[in-house]
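J.: Sequence:
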Amino acid sequence: MENYSEYIIPAILVVAVILIIVISYYYSPKSRIMRQLKKVRRKPIHSVRENEYVKIVGKAKNKTSVTPLSAPLSKRPCVYYHVKVEKKGDKSWHTIIDDILFQDFYIQTTSESALVELNLTRKKQKLVHLVADHNAKSGFLKDADNTLEQYLQQHNKKSTNFLGLNRTLRYTERIIEIDEEIAVMGIGKWKTIDTPLDSYSDSRIVTLSGTEKQKLLVTDEPKAMEPVRRKL
521 MENYSEYIIP AILVVAVILI IVISYYYSPK SRIMRQLKKV RRKPIHSVRE NEYVKIVGKA
581 KNKTSVTPLS APLSKRPCVY YHVKVEKKGD KSWHTIIDDI LFQDFYIQTT SESALVELNL
641 TRKKQKLVHL VADHNAKSGF LKDADNTLEQ YLQQHNKKST NFLGLNRTLR YTERIIEIDE
701 EIAVMGIGKW KTIDTPLDSY SDSRIVTLSG TEKQKLLVTD EPKAMEPVRR KL
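Offset between the sequence shown (1-based) and the working numbering: plus 520.
Note that these hints are calculated values from the structure, not bench results.
Careful, some of the hints might be misleading.
What the hints assert, rightly or not - Only pairs whose alpha carbons sit at most 25 Å apart, straight line, appear in this in silico DSS-like list of lysine-lysine:
id, residue 1, residue 2
1, K677, K583
2, K559, K644
3, K608, K677
4, K662, K677
5, K644, K575
6, K559, K733
7, K743, K550
8, K558, K575
Construct all of the structure, not just a fragment, from the sequences and the given hints.
T.: Structure below.
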């Protein structure tokens with residue numbers, strides 16, 4: 521028995537680490553969004569019923585009355601960006617910048633549009649997962665370029681330490697680019713408008729928002745756009 525006791529604590533620690541990894545993945549924004557979207561078929565905008573929780577797949581369009589955002593690192597026009605900058609420590613990476621900015625936008629399917637109300641939807645009422653499609657690094661023998669350096673300065677950070685040596689940094693950018701195909705799931709509400717919004721000519725428009733129970737889900741994950749097969 522004594523021979524086995526020395527392995528018990530390490531085994532428990534290994535199991536605990538595995539459980540933490542599994543639970544973290546299961547409850548990550550990506551997993552939570554994908555579990556929900558895989559169960560629901562996409563719906564035409566014109567057939568959305570009042571307060572119906574629906575999935576719509578289409579292209580992201582900015583409101584023409586509002587200037588699109590510019591992605592800080594890649595300079596692409598977008599309606600949502602998330603930039604994370606991490607510094608390498610002795611044993612792990614530490615986030616030094618976690619920068620998110622977004623605006624309300626349209627999701628367009630052929631000739632129909634719905635307004636995604638990101639600004640009116642509180643943080644606990646939405647989940648967003650975007651694919652990291654722009655990455656950069658700076659560090660040993662690799663200086664940060666002007667774009668990276670300027671971005672760091674905007675956030676009161678530097679790519680070098682007090683000795684002038686390069687810090688080891690990695691940069692990740694995720695965006696909803698203009699005309700990018702995305703999937704959105706939210707509570708649909710019809711709103712009557714006095715005058716047409718942007719190029720939308722109808723007097724009524726569907727808006728998509730969320731609650732803590734039925735969250736507004738937004739993703740550009742390719743698998744989220746795949747059609748859901750009918751169950752036999």
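J.: Indicate, hint by hint, whether the structure satisfies it.
T.: Results for each hint:
no.	hint	verdict
1	K677 x K583	33 Å, violated
2	K559 x K644	22 Å, holds
3	K608 x K677	14 Å, holds
4	K662 x K677	17 Å, holds
5	K644 x K575	19 Å, holds
6	K559 x K733	16 Å, holds
7	K743 x K550	11 Å, holds
8	K558 x K575	10 Å, holds
Figure legend: structure checked against the earlier numbered hints; the only hint not met is number 1.
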